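Start from the sequences, fold in the hints, and give me the full structure.
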Amino acid sequence: MDKVSTIEGRAIPLGLKNVDTDVIIPAHWLKTVSREGLGRGAFETIREAPSNPFDVEDFAGAPILIAGDNFGCGSSREHAAWALLDLGITAVIAPSFSDIFSGNAFKNGILTVELPQDQVDRLLEIAADHPITIDLENQTVTTPFQDRFAFEVDPFRKHCLLEGLDEIGLTLERSAAIETHEQQRAQALPWLDAPQRRDAA
Amino acid sequence: MASKPRTLYEKIWDAHVVERRDDGTCILYIDRHLVHEVTSPQAFEALRLAGRKVRRPDLTLAVPDHNLPTTPRIDAAGNRLPIEDPQSAAQLAALEANAPAFGIDYIDAVAPEQGIVHVVGPEQGFSLPGATIVCGDSHTAAHGGIGALAFGIGTSEVEHVLATQTLQLRPSKSMEVRVEGELGPGVTPKDLILHIIGVIGTAGGTGHVIEYRGAVFERMSVEGRLTVCNMSIEGGARAGLIAPDEAVFTYLKGRPYAPRGEAWDKAVAWWKTLHSDPDAVFDKTVVIDAADVEPTVSWGTSPEDVVAVGGNVPAPESFADPSKQSAARKSLDYMGLEPGQRIENIAIENVFIGSCTNSRIEDLRAAADVLKGRTKAANVRWAIVVPGSGLVKRQAEAEGLDRIFTAAGFEWREPGCSACLAMNPDKVPPGERCASTSNRNFVGRQGPGARTHLVSPAMAAAAAVTGRLADVRTLAPCQAVDA
Ligand code: SF4
Chain F
67 MDKVSTIEGR AIPLGLKNVD TDVIIPAHWL KTVSREGLGR GAFETIREAP SNPFDVEDFA
127 GAPILIAGDN FGCGSSREHA AWALLDLGIT AVIAPSFSDI FSGNAFKNGI LTVELPQDQV
187 DRLLEIAADH PITIDLENQT VTTPFQDRFA FEVDPFRKHC LLEGLDEIGL TLERSAAIET
247 HEQQRAQALP WLDAPQRRDA A
Chain Y
2 MASKPRTLYE KIWDAHVVER RDDGTCILYI DRHLVHEVTS PQAFEALRLA GRKVRRPDLT
62 LAVPDHNLPT TPRIDAAGNR LPIEDPQSAA QLAALEANAP AFGIDYIDAV APEQGIVHVV
122 GPEQGFSLPG ATIVCGDSHT AAHGGIGALA FGIGTSEVEH VLATQTLQLR PSKSMEVRVE
182 GELGPGVTPK DLILHIIGVI GTAGGTGHVI EYRGAVFERM SVEGRLTVCN MSIEGGARAG
242 LIAPDEAVFT YLKGRPYAPR GEAWDKAVAW WKTLHSDPDA VFDKTVVIDA ADVEPTVSWG
302 TSPEDVVAVG GNVPAPESFA DPSKQSAARK SLDYMGLEPG QRIENIAIEN VFIGSCTNSR
362 IEDLRAAADV LKGRTKAANV RWAIVVPGSG LVKRQAEAEG LDRIFTAAGF EWREPGCSAC
422 LAMNPDKVPP GERCASTSNR NFVGRQGPGA RTHLVSPAMA AAAAVTGRLA DVRTLAPCQA
482 VDA
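Protein chains in written order, with the numbering used here: chain F, 67 to 267; chain Y, 2 to 484.
Hints listed in this document are in silico derivations from the structure and should not be mistaken for laboratory results.
Warning: the hint list may mix true and false statements.
[Claimed, not checked] Here are some chain Y residues the structure puts well away from chain F; computed CB gaps all over 12 Å:
1) 67
2) 78
3) 86
4) 266
5) 272
6) 279
7) 315
8) 395
9) 399
10) 412
11) 475
[Unchecked claim] Lysine to any residue pairs mimicking SDA-like chemistry, simulated, CA-CA at most 25 Å apart:
12) Y:174 x Y:6
13) Y:325 x F:192
14) Y:54 x Y:258
15) Y:285 x F:183
16) F:97 x Y:103
17) F:97 x Y:51
[To be verified] Label pairs and their in silico Cβ distance ranges:
18) F:117 x Y:316: 18 to 28 Å
19) Y:104 x F:242: 17 to 27 Å
20) F:219 x Y:75: 29 to 39 Å
21) Y:59 x F:232: 19 to 29 Å
Computed from a predicted model, the values in this text were never measured in an experiment.
Glycine is no exception: its CB is placed at the ideal position from the N, C-alpha and C atoms.
What follows is the structure, given as structure tokens:
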């Protein structure tokens, strides 16, 4: 995974609340067996409107998206994160995120930044004409106007993003502990092992 | 032994912790992994690229559901019919190849047990109380209805579980939704969960796992509990669960994957310990009075946009929050509704009975009860019933429900997700309305421009016969047909 440290550039001031995964990437785009190319379907319904922020020239290739409360609610489809990446978006700022979406985002190296609504409103205003900067190391969002907003980030996620670590690789290093757990489980909760298989029946 | 009182969620969580890091993140063991065709191809591909195996294929079960067409799958001679859409066919082919290649048990598209993954899990006894269950689909929460800790995951997590049989997670907060009193006649579990989401909002459960508590749930059938837990995700929660009881044990006993003999007895003994301790502390509690719950309908494009069927479309100004006001305006515009309009005057052209929320046998019985001896209204163009699994379908046919549906003008389909998310050919046309027993009324969910009204199966049937959203309780009792 690519390392993430500072994300700097234009931010698409979407601002909408409850942007669900069907809006980020409609279901008919999910019929793919690859992670690539989903940017074409990203925000399809919003982009039907002639004056939508995604098709404003200034925001072409913008690395940041600013949205309202509960961003990414709805389904567990990771295609939502892949679609953002395919658009070139590597950070989303919003007052809150759905749990599944922020997990999916993190696993794809997309930073989700939670800020209070008034700070998000301020950023939406600035983003219309100016770039903003997200500094993961120092956990701040700054603007060309002395704004400096601190955000919280899970320390483990921060570490993984900064170092570009692969979570599966990290877990596999703990294989011995997993084996021990499996042995204890086989003793304590034996019925959980080896359910009858269809192909064995 | 005096230990800190724990919630049901904490008990299940604790039993599955492999390791806990200082920052609170745990490696959590996963007991059951359900896999379907849409969110798995990239995970298998990544495993292959990294040269990784599936750690516990025996704890993994694959079944296609999301984009299978619901038209007949085999011809008169018993040959499999091809899937027309090349991309759907490719996803199905990928799962069909990946399952055996990684040693995973696979229910194929024409097996009688095939169905929506969240219907199949409990029905096969693959999902068990106290188990950690994951699937690359957010409605995995449904399995909480039998007392499992079940939640949806993304494709990277699917890959993580396949490779390690664990996930790295931090515990959620716990939320109690306590329903006091009794549901009125004609009020179903679907109405209850829609009402609950209306009260807590779509972000009300964010960061939490909900435990549904109260006598209403003890009296509720297991299938009803699956319906309630299914929509926990619409309330923002990652999972929802209900303490398992005798009703759950009776439901599971003898199912194909369920434990047998001595293993069964041991399992039941443990399952009986799975309830929140009397002094357990929840981070958040919401109390709902069952008497307040009416047959409920969604009017907007978020599952929190609900109202009792006897009510009116709300005015955007009636919401305190300005962002909710503008969202409501957008919703009404999309839905083609006016503030103040009576819900019961809203005409519908389509009816969908199906989805992992409401496609089990009790759901079909409830709808058929209303439809018996009646036919759909002239303005209802398209009405379909999509059973949740092949076994539900057979059971319904054995009870003659299929004939009631077809006599009423419904199409009787093969199992799958269908018009719940319109990935397959079952779509609601742009600008048309659908009374739907599914779980999401998002913009474009049932097809581009489609307008969804979420309802219970009985209410969907009432909408079909009246051609509008209607209170099922006010329909005259149906003619006595030979039972
Ligand atoms: S029926 Fe709908 S909600 Fe349920 S698994 Fe299928 S697509 Fe998801």
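Here's how the hints hold up against the structure:
Not every beta carbon of chain F lies more than 12 Å from that of residue 67 of chain Y, the smallest distance being close to 8 Å; the non-interface claim is violated. At roughly 25 Å from the closest C-beta of chain F, the C-beta of residue 78 of chain Y stays outside 12 Å, upholding its exclusion from the interface. Here residue 86 of chain Y does not stay apart from chain F, with its beta-carbon only about 7 Å from theirs, under the 12 Å limit. In this structure residue 266 of chain Y is not separated from chain F by more than 12 Å, as the shortest Cβ-Cβ distance comes to only about 10 Å.
With a cut of 12 Å on Cβ distances, residue 272 of chain Y falls inside the contact zone with chain F, its closest approach being about 10 Å. With a cut of 12 Å on Cβ distances, residue 279 of chain Y stays outside the contact zone with chain F, its closest approach being about 24 Å. Interface exclusion of residue 315 of chain Y from chain F stands, the closest Cβ pair being 16 Å apart, more than 12 Å. Under the 12 Å C-beta cut-off, the non-interface status given to residue 395 of chain Y relative to chain F holds; the minimum distance is some 17 Å.
Distance to chain F confirms residue 399 of chain Y as a non-interface residue, since its nearest Cβ pair spans about 22 Å, more than 12 Å. No beta-carbon of chain F comes within 12 Å of the beta-carbon of residue 412 of chain Y; the shortest separation is about 21 Å. For residue 475 of chain Y, the shortest C-beta to C-beta distance to chain F comes to about 33 Å, beyond the 12 Å cut-off, and the non-interface label holds. Simply put, residue 174 of chain Y and residue 6 of chain Y have alpha-carbon atoms about 15 Å apart, close enough for the 25 Å limit, and the pair holds.
Our distance criterion of 25 Å between C-alpha atoms is met by residue 325 of chain Y and residue 192 of chain F, whose separation comes to about 23 Å. For a cut-off of 25 Å, the pair hint linking residue 54 of chain Y to residue 258 of chain Y stands: about 23 Å separates their Cα positions. Taking the CA atoms of residue 285 of chain Y and residue 183 of chain F, the gap is about 22 Å. The hint holds against a cut of 25 Å. Pair hint residue 97 of chain F plus residue 103 of chain Y holds up; C-alpha atoms about 22 Å apart against a cutoff of 25 Å.
The straight-line distance between the Cα atoms of residue 97 of chain F and residue 51 of chain Y is roughly 23 Å, inside the 25 Å bound, and the hint therefore holds. Checked against the given bound of 18 to 28 Å, the beta carbons of residue 117 of chain F and residue 316 of chain Y, roughly 26 Å apart, stay inside it. Checked against the given bound of 17 to 27 Å, the beta carbons of residue 104 of chain Y and residue 242 of chain F, roughly 23 Å apart, stay inside it. Taken as a hint, the range 29 to 39 Å is violated for the pair residue 219 of chain F and residue 75 of chain Y, whose Cβ atoms sit roughly 52 Å apart.
Between residue 59 of chain Y and residue 232 of chain F the CB atoms are about 26 Å apart, so this pair conforms to the stated range of 19 to 29 Å.
When the structure is compared with the earlier hints, violations turn up for hints 1, 3, 4, 5, 20 and for no others.
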